[in-house]
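**Student:** All chains, full assembly: derive it from the sequences and hints.
In the working numbering, each residue's number is its place in the sequence shown (first place is 1) plus 19.
Hints are supplied without guarantee of correctness; some may be wrong.
DSS-like cross-link-like pairs, simulated, lysine-lysine; straight-line CA separation at most 30 Å [stated by the list, open to error]:
#	residue 1	residue 2
1	Lys415	Lys393
2	Lys415	Lys369
3	Lys415	Lys476
4	Lys476	Lys393
Honestly, the hints are just simulated from the structure, not real lab data.
Being a predicted model, the structure only gives us computed values, none of them experimental.
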Amino acid sequence: MTLLERWAARVPAPLKSGPWRAFGLGLLAALALPPFFLLPLLWIVVPGLLRLLARAGGWRRAIWLGWCFGFGFNLLGLFWVTEPMLIMARQFWWAVPFAAPGLAAAVACYMMLPAAASYWIRPVTALSRLAMIFLFAGALAMANLAQQFLFTGFPWNYWGADWALPGIAGVVMMQPASVGGIYLLTLLTAIVAGLPLLGPRGWAAAGAVLAVWAGFGVWRTDAGPAPDHNLTVAMIQPDFAVPGSFTRPALIARWHRDLAMTQQALQAAGAGPKVVVWPETASPALLQTDASARGAIASVAGNTPVLAGSFRYARDGRPRNSLVAIEGAGPAVAWYDKWKLVPFGEYTPKWIPLKITPGGGFSPGPGPRTIHVKGIPPVGPLICYESIFSGEIVDKSDRPAWLLNISDNAWFGDTTGPRQDFATTRLRAVEEGLPLVIDTNSGISAVIGPHGRVVAKLGLDRRGVLAHRLPVALPVTPYGRFGLTMAGILSLYCVVLGLIFLIVSVTLRTERR
Numbered sequence: 020m021t022l023l024e025r026w027a028a029r030v031p032a033p034l035k036s037g038p039w040r041a042f043g044l045g046l047l048a049a050l051a052l053p054p055f056f057l058l059p060l061l062w063i064v065v066p067g068l069l070r071l072l073a074r075a076g077g078w079r080r081a082i083w084l085g086w087c088f089g090f091g092f093n094l095l096g097l098f099w100v101t102e103p104m105l106i107m108a109r110q111f112w113w114a115v116p117f118a119a120p121g122l123a124a125a126v127a128c129y130m131m132l133p134a135a136a137s138y139w140i141r142p143v144t145a146l147s148r149l150a151m152i153f154l155f156a157g158a159l160a161m162a163n164l165a166q167q168f169l170f171t172g173f174p175w176n177y178w179g180a181d182w183a184l185p186g187i188a189g190v191v192m193m194q195p196a197s198v199g200g201i202y203l204l205t206l207l208t209a210i211v212a213g214l215p216l217l218g219p220r221g222w223a224a225a226g227a228v229l230a231v232w233a234g235f236g237v238w239r240t241d242a243g244p245a246p247d248h249n250l251t252v253a254m255i256q257p258d259f260a261v262p263g264s265f266t267r268p269a270l271i272a273r274w275h276r277d278l279a280m281t282q283q284a285l286q287a288a289g290a291g292p293k294v295v296v297w298p299e300t301a302s303p304a305l306l307q308t309d310a311s312a313r314g315a316i317a318s319v320a321g322n323t324p325v326l327a328g329s330f331r332y333a334r335d336g337r338p339r340n341s342l343v344a345i346e347g348a349g350p351a352v353a354w355y356d357k358w359k360l361v362p363f364g365e366y367t368p369k370w371i372p373l374k375i376t377p378g379g380g381f382s383p384g385p386g387p388r389t390i391h392v393k394g395i396p397p398v399g400p401l402i403c404y405e406s407i408f409s410g411e412i413v414d415k416s417d418r419p420a421w422l423l424n425i426s427d428n429a430w431f432g433d434t435t436g437p438r439q440d441f442a443t444t445r446l447r448a449v450e451e452g453l454p455l456v457i458d459t460n461s462g463i464s465a466v467i468g469p470h471g472r473v474v475a476k477l478g479l480d481r482r483g484v485l486a487h488r489l490p491v492a493l494p495v496t497p498y499g500r501f502g503l504t505m506a507g508i509l510s511l512y513c514v515v516l517g518l519i520f521l522i523v524s525v526t527l528r529t530e531r532r
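**Tutor:** Here is the structure:
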């Protein structure tokens, strides 16, 4: 008896049942996510799940097993959502036990589709196993597409993000995202991890696919890092406490820190053209309308452009979570309003009968937009978790030269949440072929090249400034041109290929009889 068999024999009988095994496989799959990156576990998870589904015996049980898998995966992958409740435990203590399990239970429903799509195939031949793998992978990518849009959308912890590894390994393995986005990475991950279901030949095939995958990444990044613009981006990472105090002395102290750190950022940037960036809601003043606040910034920055997170009020009188661009003491030269608002935190979805967001929440902006400020290349702003919406971040009619994501991850503390956010946001640079600047209140802030290479970084829970030259963009990528249409086509193609394998398998078996 092998060591693994002896260990399995000690597992209590109830835990050997299908639902518990599916739940356990989901937990293992979550360990492949950032920041753990235990990718080899997927070569256990996917074949194990497919075998479990093949023995389900009916579509209802298969869907149940898929949900159990998804619940385990999301429970471990999303446990960090409890952190804001702990920060505000006096008001939301009652939500602490329910936040992570409740969200995990809802998101787990998306795993029902790949489970239902693949369970009914009996993997008795190599072709039928291949059909099962491709149907599972295609349905998983389609479920991810649905997850991006249904019920406000929450495209988090896709398997494609597993490849946003630190260092050159991640740069190389992320490159297929330039063709099909995070969805193509998810497809390839599910296929490669499922191929061991075919036995030794499957392991060999998985190795071959990984070799071609890595070869593509090396080819695409062979020219090395992108050249730089003659422009330095200088970011402040103030590390304000959350929720923070809103007394006048506290707001004045916050404002003074903003100005002092702006001076530090300008010194770090040195001579030459530069732009200063403040993170999401860093300004306690309403910069669009507060001339004295703009004058105070101008006294420090002069005519250097400052792109700052600030609230503003639109013509309808509703507040918006915005990025405001100022240049000197004059009026704001441009602004961008966040359009992907956080449900329940920034607004209450229309399909919820009770309006539970304090103050009625924010109003959304009109959508992706490129803003133009004299002296800097056109920029595509993203605020907070807008950066996780693959294929929905760029104004295609006015394509920017770089992306800027401002955020405040302090609400999620030193957990996996900010690290997962950084990894999936990093993929946006590869997908669009655009350099990406991330400036957050408490980290992780970074400058990322258009291949996804992290060229400068300021870590989590640190106060400081970060200054680096802005990399130059690459030519528009296939995904940058076709976006989610490309993702949908590739997912459908994978499903069709799986059906072809199944038809051929059934035909061959019939002829042999």
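**Student:** Can you give the numbers of the hints that this structure goes against, from lowest to highest?
**Tutor:** Going through the list in order, the structure violates no hint and respects every one.
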